[in-house]
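Modelling step: build the complete structure from the supplied sequences, incorporating the hints.
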Amino acid sequence: MEFNDVLYSRRSIRSFTSRKLSAAEITGLVDAAIQAPSACNMQSWHFYAVTDPEKKAQFKQVCSEWATTAPVIFVVCTDGEAIVSRFGERAKNLFILQDTAAALENLLLKAVDMGLGGCWMGAFNEDECRKILDIPDKYNIVAIVPVGEPAFMPPKRDRKPLADVLTVVGEAAADEPEKRPDDKKEPMTIRGVSAPDAIFNDVNFSHALFENINLDHAEFSNINMEGVRFSDINMTKTFFGGLNLSQSFFGCVDFNEAQFESPCFDNAVFKGCSMKNVTFEDCDMEGAVIKPKGKDTEIKL
1 MEFNDVLYSR RSIRSFTSRK LSAAEITGLV DAAIQAPSAC NMQSWHFYAV TDPEKKAQFK
61 QVCSEWATTA PVIFVVCTDG EAIVSRFGER AKNLFILQDT AAALENLLLK AVDMGLGGCW
121 MGAFNEDECR KILDIPDKYN IVAIVPVGEP AFMPPKRDRK PLADVLTVVG EAAADEPEKR
181 PDDKKEPMTI RGVSAPDAIF NDVNFSHALF ENINLDHAEF SNINMEGVRF SDINMTKTFF
241 GGLNLSQSFF GCVDFNEAQF ESPCFDNAVF KGCSMKNVTF EDCDMEGAVI KPKGKDTEIK
301 L
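Sequential numbering from 1 applies to the sequence shown in the working numbering.
Since the hints were made in silico from the structure, they are not lab data. Among the hints, a few may not be true.
Label pairs and their computed distance ranges (CB to CB) [stated by the list, open to error]:
no., residue 1, residue 2, range
1, 98, 125, 23 to 29 Å
2, 189, 283, 28 to 34 Å
3, 60, 1, 30 to 36 Å
Just so it is clear, CB atoms sit at the ideal spot from N, CA and C, and this is done for glycine as well.
Right under this line is the structure:
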């Protein structure tokens, strides 16, 4: 990929397909990370790549549960004994953190270049992480980064205007600013993905398109799906809680044994869906129209 494509395509990925990463992919990510600049070239970093299923499962005690679905969880640590002994407190409080942060961003950008994605996590239980991986006291844990093939690509999130974040001291040449390749915001499109047992929390899927997707046993909580279109979707035994599905369209969707709690389906359209033995309880269905398959009659509520 071109650098600008990589740069502007990076997203924080929190849902992954079941594809495992090869040893070459894992080492390729870390090799990209260690090309980052570091204070005095002392390279004060150390990386743990966690692929063991039992170890990953224990990370439910360390950070958000969705992170355990990634094929690899990177734990990024400082290894700053040498530079701290040379420069003291400033190295301990600043240099080694700058080193690892630069390396971490390299890793995330390399992931995009490889068709992968990750998420920089700063909220985690450091003591539990240290215990699970038996991390020596000389390492400080800076971040946790789950990486894998994205189950979907979230839309670009807004950035502050450059005028709000840039102060130019002096004069700059008056040339045209470089056009960003991703300036035009497009609705999210998710096609041909199998994500059984996936967990989606606090995600905005507004006006996204889901097509030919397996979401068997998936769990959706606190999701905005206003204006979403679903086509050829398996949602068997899926759980939905706290959803906004107003003005959505559902075509050829299998909702067998799906569970919905407090969703909003205002003005949604269901066509060619399998909803056998569905129970509607305590639902506001004013104005709803039901046209049973194979029958000319329709039911208006």
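Hint check:
1. Separated by about 24 Å at the C-beta atoms, residue 98 and residue 125 satisfy the suggested range of 23 to 29 Å.
2. Between residue 189 and residue 283 the Cβ separation comes to about 30 Å, which falls inside the hinted range of 28 to 34 Å.
3. Checked against the hint of 30 to 36 Å, the pair residue 60 and residue 1 passes, with Cβ atoms roughly 34 Å apart.
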